[in-house]
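*Asks:* Chains as they are written, first to last, in my numbering: chain R, 1 to 290; chain D, 1001 to 1410; chain L, 2001 to 2293; chain U, 3001 to 3252; chain Z, 4001 to 4233.
It should be emphasised that the hints constitute simulated quantities derived from the structure, not laboratory data. Glycine residues also receive a C-beta, built at the ideal position from the N, C-alpha and C atoms. One should not assume that every hint holds.
[What the hints assert, rightly or not] In silico SDA-like cross-links for lysine to any residue, where the CA-CA straight-line distance does not exceed 20 angstroms:
hint : chain 1 : residue 1 : chain 2 : residue 2
1    : D       : K1256     : R       : S2
2    : D       : K1371     : L       : Y2004
3    : Z       : K4152     : Z       : F4172
4    : D       : K1410     : D       : N1145
5    : D       : K1103     : L       : P2119
6    : D       : K1103     : L       : A2179
7    : D       : K1228     : R       : L71
8    : D       : K1228     : R       : G60
9    : D       : K1402     : D       : P1266
10   : D       : K1270     : R       : L161
11   : D       : K1410     : D       : Q1343
12   : D       : K1228     : R       : H123
13   : D       : K1410     : D       : D1382
14   : D       : K1270     : R       : I126
15   : D       : K1228     : R       : A129
16   : D       : K1364     : L       : A2128
17   : D       : K1270     : R       : G60
18   : D       : K1228     : R       : R278
19   : D       : K1402     : D       : G1202
20   : D       : K1228     : R       : P256
21   : D       : K1147     : L       : S2123
22   : D       : K1228     : R       : A3
23   : D       : K1270     : D       : G1401
24   : D       : K1147     : L       : Q2002
25   : D       : K1402     : R       : I126
26   : D       : K1270     : R       : F117
27   : D       : K1402     : R       : N220
28   : D       : K1147     : L       : P2119
[To be verified] Only some residues are given here: those of chain Z computed to face chain R with a beta carbon under 8 angstroms:
hint : residue
29   : G4077
30   : P4084
31   : L4212
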Amino acid sequence: MSAAVGLNLAVAGLIQGLLIALAGLAVSLCFAVARFPNAATGDFMTFAAYAGVAAQAWTGSLLAGAASAVLLTAGLAVASYVLVFRNFRGRSLVAPLIASIGLAFLLRSVLTFFVGFDQHSFHVPIARAIVFAGARVRPIDLWLAGTSAVTLLAVLAVLFLTPIGRRMRAVADNPELARASGIRARAVMLTLWTLIGACSAVGGVMLGLQTVVVPEMGWNLLLPAFAAAVLGGVGNPTGAVLAGIALGLVQALSTPLVGFTYQTAISFILLIATLVLRPQGLLGRAEPVR
Amino acid sequence: MPVRKWMLTRRVLGQAGAATALAAVVGRPARADRPYRIGALNPITGAGSTYGSGMQKTILFALEEVKRAGGVDGRPIEVYAEDTQTSPDAAVLAARKLIDANKVDAIIGTWSSSVSLAVLPITNEANCLLLHTSSAPALSTPAQNPKHLAWRFQAASHQIGDAYAAIAAHEKASRAAAMAFNNDVQIASVGFFRSAWEKAGGKLPNPVVYEPNRTSYAAELQQALSEKPDFLVVSGYVPDTSIILREAYEAGNTAKIVIPGWAMGPATVKALGAEVLEGLIVVDAVPDAGSAAFKTFDAAYRAATGNPGSSNIYAAMCYDMVAVLTLAMQKAGPSADNAAIAQVIPEVANPPGQAVSSFAEGRKLLQAGQKINYEGASGPIDFDERGDVTPVFGVSVFHDGKLEQRYLLK
Amino acid sequence: MQGYLTAVGTVGGIYALLALGLNLQYGFTGLINFGVVAFYAVGAYTSALLALRGVPFVLDFAAAAVLAALFAWPLGVMCLRLRDDYLAIVTLAFAEILRTVIVSEEWLTNGTRGIPGIPRPFSGLGAAAGGFAYLALVLAAMLAGVSLTVRLVGSPFGRLIQAIRDDEDAVRSVGKSPARCKLVVFMIGAGLTGLAGALYAHYLTYISPDQFVPLLTFYVWIAVIMGGAGRVGGAIAGAALLTLFLEGSRFLRDVLPFVSEVQMASLRLAAIGLMLILFTLYRPQGLLGRVAR
Amino acid sequence: MSLGVHGVNKSFGGLRVVDDVSFQVQAAELTGLIGPNGAGKSTLFAVISGFQPADAGCVRFDGHEIQRLSAAARARLGIARTFQVPRPFAHLTVRENLLTGARDQPGEHVFNLLCRPGVVRQRERQIVARADAMLEFLGLTRVAGERAGALSGGQQKLLELGRALMTEPRFILLDEPYAGVNPVLIEEIERRIRTLSEQGTGFLIVEHNLPALARLAARLLVMDRGRLIASGTPAQVLADRAVQEAYIGGGP
Amino acid sequence: MSLLEVAGIAGGYGEADILRGIDLRIEPGEIVTVAGTNGAGKSTLIKAIMGLVPRCRGRVVFDGRDLLSLDPEDRVGIGIGYVPQVANVFGTLSVLDNLRVVEGVAGRAARIRDMLDRFPALAERRHVAARALSGGERQQLAFARALMSRPKLLLLDEPTAALSPNLVGQVFALIATLPGHSAAALLIEQRARQSLAISNRGYILDSGRVVLEGPAPELLGDERMARLYLGGG
């Protein structure tokens, strides 16, 4: 593999990894604070992509489209918490997990009911790639990478630098102690779901910009997102982001060795290997026995 | 499509058929007491949903045309519609329902090879005809099609592969490359492309097989373009092809790209724009835009769906299925069973015989005892000994945002 | 109509067998298996490939069940000492890996081309009688699954399983190994799933990788959740309800004239999703189940 | 037969809960283990019974090192334990709880279940008979068919003792067997323990009810803050100044 | 009027009751010890007052307000602080964040400075994740966190369990200063003598009921008390 080929693979992998990281962060946040794996994350992304396409068609501006997608999806996530997930407090994680699968199906079918199965796409100027030290970088990649990185950092900043983020981490750490410290669950959960929605929305719009907008797009990214969340250490959002990026890179860089068909399987093999050798995740902390 | 209208259509067709039947009973008794039932089994939902409802509508309006032309002598026709969901399981149950509950004699319009392969044993066992639009080679092997009841209206993979090679020669390509979506049909067609191209003295590196649902095909493209080809076949479907075309442009690709017609939708043009598509070669067993059958089909299709007939090649095939089936029924006579009908299919579709472009024309000539050769909306519709249609490929090139047909491959 | 009903019964029976397998794993033992479709595929491919090499049907079916169970073994050994949800993630990943292997390893599985021409038992009897005989075979397998479940649950082994659900440490303290019991259940469930796969392959006579998608796993989950996890009758009722639902929507179109067929498909999935949500929220024990723990 | 711990250490997150503890308990000599809360008694039990791995040191039973064996394997070897807070199988009936404790039920293997149902049934009959006798002894016959989760705390304590006895142990670790049990029953249990002890079953008992324990035990071990601070006959130990300090706390 | 009045409180987690009708009161600024054997229901009593026991009946009045209708987070708001026995700090948060996280504190920054002044060991390690603290530091942090909201009543669940002797002394000294900060304390202790020494009154629980109660000096001299613990020693 020549350096240029490797470099190009790395660029592609990085973009892919940032997408997985966004989805993985949404999954991980939910797992850390609400304590269940949210299978509807992928369909939040799909919803965001459709919302973005529609809003772009309506306003004529990609920025406005993306912004409305973020707002609408955050609203959707909060609504799903209020209407569904709030009611599972104190039950095992299977119940909300199954309900989130149901929500995923419901969201996707409501979308297809109204807009059908046809392919849609964002309107973006298409430009030739810039060749940079042998690596081809598309201008859109720079935008995608930049936006994803900014979003990831923003979410982590909310989590680590703001009072509400601090409370969120406290709830994730020990829900009972959090209540006994006077932390109000409602505000924390509403913020959490807003973040989950926003994170999925940026991921969905990015995915839509890079590919095409179809009903199954988000669902297809769900497994890698779960993989990132687990690899990063269950309930460790920073870990999920790093693991997502790593997964994208590994997938891309492994192709010269395993070919394109096994590319996706690689991340799952890695996932299983990690669980066996290091059950707490690559960057995780040991889980207390519950 | 509103179901109420469809149910009405079904009933009207039945009644019209019954009237014809009554008239015919006097002369010829035999099986005329029982209508001939057709099952329209299309991919209304799932991966084939882009085409499915257009196919179903076409079958209904084509049968309507048959009825207006006076129907098949001595054979009233009923039609029942079902959805395959583009899934073999659902298709099997739907086929079962059609055969067992609705007692259909022919199933027409199955799409995607896995669906047709799953349905074929059922139709075969029930002595039911299967007219399909799938390209898997296995569908016409003696093992799978022992009674010769299955007929392929879509170009088989080897024919498409040969077409790619012919285009490469026509375009004077020196170094060719290929990418294929990871499924039976696409891998087979680039495989045939490779063998045809190498037989003609060219060389082709291993085709790059890619997975569906990837967020980027940059790496795959990079490998396909690594030998600096001047000719690249991308054999896939609409979503993945859209991504690949855009990424090829962004990567500064200079090779001529050829894609099959089914990988191109109205959304592709809208999404990519004229500049990206400029020079793209699209090959398809295109409806012979000049043919009379295509004009009739196109008008009816526009009326039924609001889209041009050229946007749904499978609908054109369904149109031809109805014509060929009813003409064969007409020729075989009202007492004929499916074996007899199947036997005369090549006789009404292949040369020699006077060229006809509709059931109405053909019926008149058959009544007069003449030989006919149906020339259809999706091509000339001539079958080989295995029951595969031998298509004519149209080669079109994008220029200034418009697809212009350049030449035909026969 | 009889032939159609036979077909619906056959497919429903296969779903019921799948639901019984998952019910044993999740309903009785709490193992979250999200890779149902993988064991199903193992069974289907094993039996199909053996049958095409001339191995008698009885051995094909047995091999399908055994091999599916054997595939469950390493997964179980890896996961069952970890937290409950790890099994869920590993089985989900395993299903995807397996599908990729089936797609890629053409020498064995014929890749995306799939395997046509799988022989079907009783096909010599003709369409009607053969179909009926096959339905009888599927129902017999289902009843075997039911009786196996009933026997296991009512046995000292079943008692141990329930004890494990209550308190694993206490089970250890009396000298029994929870991991061993869970592994056994996981493998038996996988074996039932593999048998269902074999029945499916020989019924359809054609299998290809795109028939083994994750959606199928979720269908089986839906059957178990709706019917009632941890109840033998629940698995059967859930599978019946699911089949009725999937097939019934074919006829529903006639009474909903304002819905197009494309929209009908959306409505079908929407209804499944909504039912999952409502069941987990308001009736977690399912139609026939006892109160979920 | 004896049970010994040698230089056992166990820490949780930097906190040394068991600190270099060594002792040897003879089966013939019923032994009590006392000490204030947090002294590390329960953790030591967990280390001996295999529920927690020791950070250092080893556990010997009957002359064999057993610290590599799983908890279940140690129980099969004959070391039974109860838990400080009762852990019955809440959804099983009281009788089923006892049945689950019985050893050598071939019906707990699927192979036997399907291939040797007769053997399974026969063994089950024996086990049920033993369980019923146990119920009788514990005075739980009246609630035999009730779900264990519905019992009072004291009844659950008894049930747990019974379940441990069903494993036919050679050595029993009892973690506060009297907590929440009424005084009449305490004497009853005491008698039973004494009988078992005389028949050769070893006992190590953690108990806060010192009078009751002192009546029973031949020897007492005292732990405080992870260390073994005293051992001897009950009279010696209770008179020990250090023990009193550890228990009620020293004066101001 | 008493600061806290508990009347006939009963309940538990599973099907069986752990608390079986307990009456208890605490006056403003008073330190009250609750002692008893393991499983007597001491921790459950504290959690019930905090609102962390799912099934709970009876009457709990704090500062004139009925507590049972309030969520735990709201009980913090009206002046109850809680230091659990284990898991009493947020291990993944820094020391500073453990203090900042408390909601509804007027003049939070100043209050944090107060706390750090009061616990110099914490001030030194303010940016360290709490899980890296030693046992004693953790206990201090848990106290500081609970004191952040200026509680009128502090519920302490065995604060000296598993601490080294010199730390035990420190903790008791710390508790003894609480009334000076106008806080009452409900203290669960195994070291009954030391605990009663700094307490005004005490209660002894057994099997979810109060079996002995009275002023601390009386209890210390009560021979039943000694018997319960040392068998007449």
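*Asks:* Give a verdict on every hint.
*Replies:* Taking the hints in turn, this is what the structure says about them:
{"no.": "1", "hint": "K1256(D) to S2(R)", "result": "25 angstroms, violated"}
{"no.": "2", "hint": "K1371(D) to Y2004(L)", "result": "40 angstroms, violated"}
{"no.": "3", "hint": "K4152(Z) to F4172(Z)", "result": "18 angstroms, holds"}
{"no.": "4", "hint": "K1410(D) to N1145(D)", "result": "26 angstroms, violated"}
{"no.": "5", "hint": "K1103(D) to P2119(L)", "result": "25 angstroms, violated"}
{"no.": "6", "hint": "K1103(D) to A2179(L)", "result": "54 angstroms, violated"}
{"no.": "7", "hint": "K1228(D) to L71(R)", "result": "45 angstroms, violated"}
{"no.": "8", "hint": "K1228(D) to G60(R)", "result": "39 angstroms, violated"}
{"no.": "9", "hint": "K1402(D) to P1266(D)", "result": "11 angstroms, holds"}
{"no.": "10", "hint": "K1270(D) to L161(R)", "result": "44 angstroms, violated"}
{"no.": "11", "hint": "K1410(D) to Q1343(D)", "result": "25 angstroms, violated"}
{"no.": "12", "hint": "K1228(D) to H123(R)", "result": "30 angstroms, violated"}
{"no.": "13", "hint": "K1410(D) to D1382(D)", "result": "12 angstroms, holds"}
{"no.": "14", "hint": "K1270(D) to I126(R)", "result": "12 angstroms, holds"}
{"no.": "15", "hint": "K1228(D) to A129(R)", "result": "17 angstroms, holds"}
{"no.": "16", "hint": "K1364(D) to A2128(L)", "result": "40 angstroms, violated"}
{"no.": "17", "hint": "K1270(D) to G60(R)", "result": "15 angstroms, holds"}
{"no.": "18", "hint": "K1228(D) to R278(R)", "result": "44 angstroms, violated"}
{"no.": "19", "hint": "K1402(D) to G1202(D)", "result": "31 angstroms, violated"}
{"no.": "20", "hint": "K1228(D) to P256(R)", "result": "18 angstroms, holds"}
{"no.": "21", "hint": "K1147(D) to S2123(L)", "result": "16 angstroms, holds"}
{"no.": "22", "hint": "K1228(D) to A3(R)", "result": "17 angstroms, holds"}
{"no.": "23", "hint": "K1270(D) to G1401(D)", "result": "10 angstroms, holds"}
{"no.": "24", "hint": "K1147(D) to Q2002(L)", "result": "24 angstroms, violated"}
{"no.": "25", "hint": "K1402(D) to I126(R)", "result": "18 angstroms, holds"}
{"no.": "26", "hint": "K1270(D) to F117(R)", "result": "16 angstroms, holds"}
{"no.": "27", "hint": "K1402(D) to N220(R)", "result": "33 angstroms, violated"}
{"no.": "28", "hint": "K1147(D) to P2119(L)", "result": "17 angstroms, holds"}
{"no.": "29", "hint": "G4077", "result": "6 angstroms, holds"}
{"no.": "30", "hint": "P4084", "result": "6 angstroms, holds"}
{"no.": "31", "hint": "L4212", "result": "28 angstroms, violated"}
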